[in-house]
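Asker: Using the sequences and the accompanying hints, generate a full structural model.
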Amino acid sequence: MTLDDILASLFPDGHEVRNDNGVIAGAATLRSGGRILVIGVADRTALGVDEAIRLSAHVLESIDRGSGPILVLVDSDSQRMSKRDELLGLNEFLAHLAKVLIHADMHGRPTIGLLYGHSAAGALLATGLATRVLVGLPGASPAVMDLPSMAKVTKLSMTALEEKAKSTPVFAPGLSNLEQMGAVHMTWSDATSLADQLEALLADMPAARDRRDALGKERGGRPKAADIAERVRDLALQTR
Amino acid sequence: MTAPLPHIAPAERARSTSFNEASARTRLDLLLDAGSLVEFIGPEQREVSPHLEIFGLPEQFDDGIVVGHGRLGGAPVFVAAQEGRFMGGAFGEVHGAKLLGLLRAAREIGSIPVLILLDTGGVRLQEANAGELAIAEIMRAVMEARSAGVKVIGLIGGRSGCYGGGGLIAGCCSALAVSEAGRIAVSGPEVIETNRGVEEFDSRDRALVWRTMGGKHRRLLGAADVFADDTVQDFREAALELIGLIGPFGLDRLRAEQGRLADRLRRFGACQDAVDIWTVEGVAHAETVPELPADQFIALASRIGRTSRDAR
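Residue numbers (my numbering), protein chains in the order written: chain A, 3 to 242; chain B, 6 to 317.
There are no misleading hints in this set.
Derived Cβ-Cβ restraints for the label pairs, each shown as a range:
1. Met160(A) x Gly78(B): 51 to 57 Å
2. His290(B) x Ala209(A): 55 to 61 Å
3. Arg33(A) x Asp257(B): 33 to 39 Å
4. Pro48(B) x Ala209(A): 32 to 38 Å
Looking from chain B toward chain A, a few residues come up when the C-beta cut is under 8 Å (computed):
5. Glu98
6. Arg109
7. Asn134
Don't read these hints as lab results, they were simulated from the structure. Ideal Cβ placement from N, Cα and C applies to all residues, glycine included.
Answerer: The structure is reproduced here in structure tokens:
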């Protein structure tokens, strides 16, 4: 689905969401009547310092003045790979965007990520993976690391990698692999109204507590993470 | 004759040990009060990565990270130290989960600071999805812990630097101490060169790497509050100093960070090189900064460098 199709299906009563050179910002009225802040990255745009600072500004302004949930639409490249971005401290700009989203979510502005295209690496960490619930749309193609790059570093052939990917979701790109990890909570249907699916999610939002490790265990994608985290937590609590 | 106080680290050894060259365990042993380190799920438990076997790669019994608790200046702290010599300190499923559990406990307790000795290339390629998600969970856990009053301090000076998602975790910490070797970035030099060409970034130009991503630049930019010389004792003193400085976290910090970063873009957005930024900052003979010995650099940074205090 294109961004316009997605926005039309999410907000049939209209919206004020603009795509300015790949930076999505605006707001819309939910069918239930409330308002929702919308930000994101479109057109497979790389997320650099200039884009990140605009997105965090939109969220902070909305924390000051607005209310309601926050939707983060994602069709991005990875972080912008450039000398200028790193020189200026891209890690701080991406972390800042994630921190603002996490803070909002913890303080009454529940966040939902909608991954409808590509995303990777630092861009995914600063957007979709910084939300409480990350939803995928069919056709989304997240890739923490693409297979050709992996082949280069691991010195394995693409065929060998593809063969290994059949037995484990742990390294290969793709929405279903991230869903098994617990990173993507659910995949929506593009054949029915996105507004219906959004309203259903908002009516039944999971608690703000991060359960992605438990989800990854339930779905068989991450056999050890949840148990290891829990064991360390227990041991550390005993030091009190 | 008085016996040395048991809670004092053997400062002599810590002063003569390079942080950069030490292993994760040696760093912690010498950073904390002598003999106070207690590890959680240590190597004797053999909790190895369940994924490296698929690639026929050797495992490590601690999956490349030490987590535990100890004392610093007599007070309790939680610690995590990545081993940059095992798979570049990269985040895998088990590695990340150990840090996650530590941060969750710290949040529940609320008063014990967390020191994270970051030494990482980012996501472990062979378990990329699990590693990426572990980093996302850790970022969330750091912010939840900070919101509950926990001071989370990053100490960066290892051989693998602090790259990829490690750079984002560093950006979430309450404060950072960094040595010259502590390169902090998202995309590493080779990644930029591979994707954008050698004209964009020549990864073999070591001087370029150091002045673009290294600890001196990060200190002058205000990304790190303390510059440490490359000894474990210096990092110990930096950690003690930062624990004393960090105030409570709240929305005002994020507003201040927005202002701090927007101001950085306005002032330096057109600069082509770190030397240009340092010159705009008022550093005389900015081109000599990379050669300055640590004590002279620290004096310069305290005079001119920015800090991110109360704005991160």
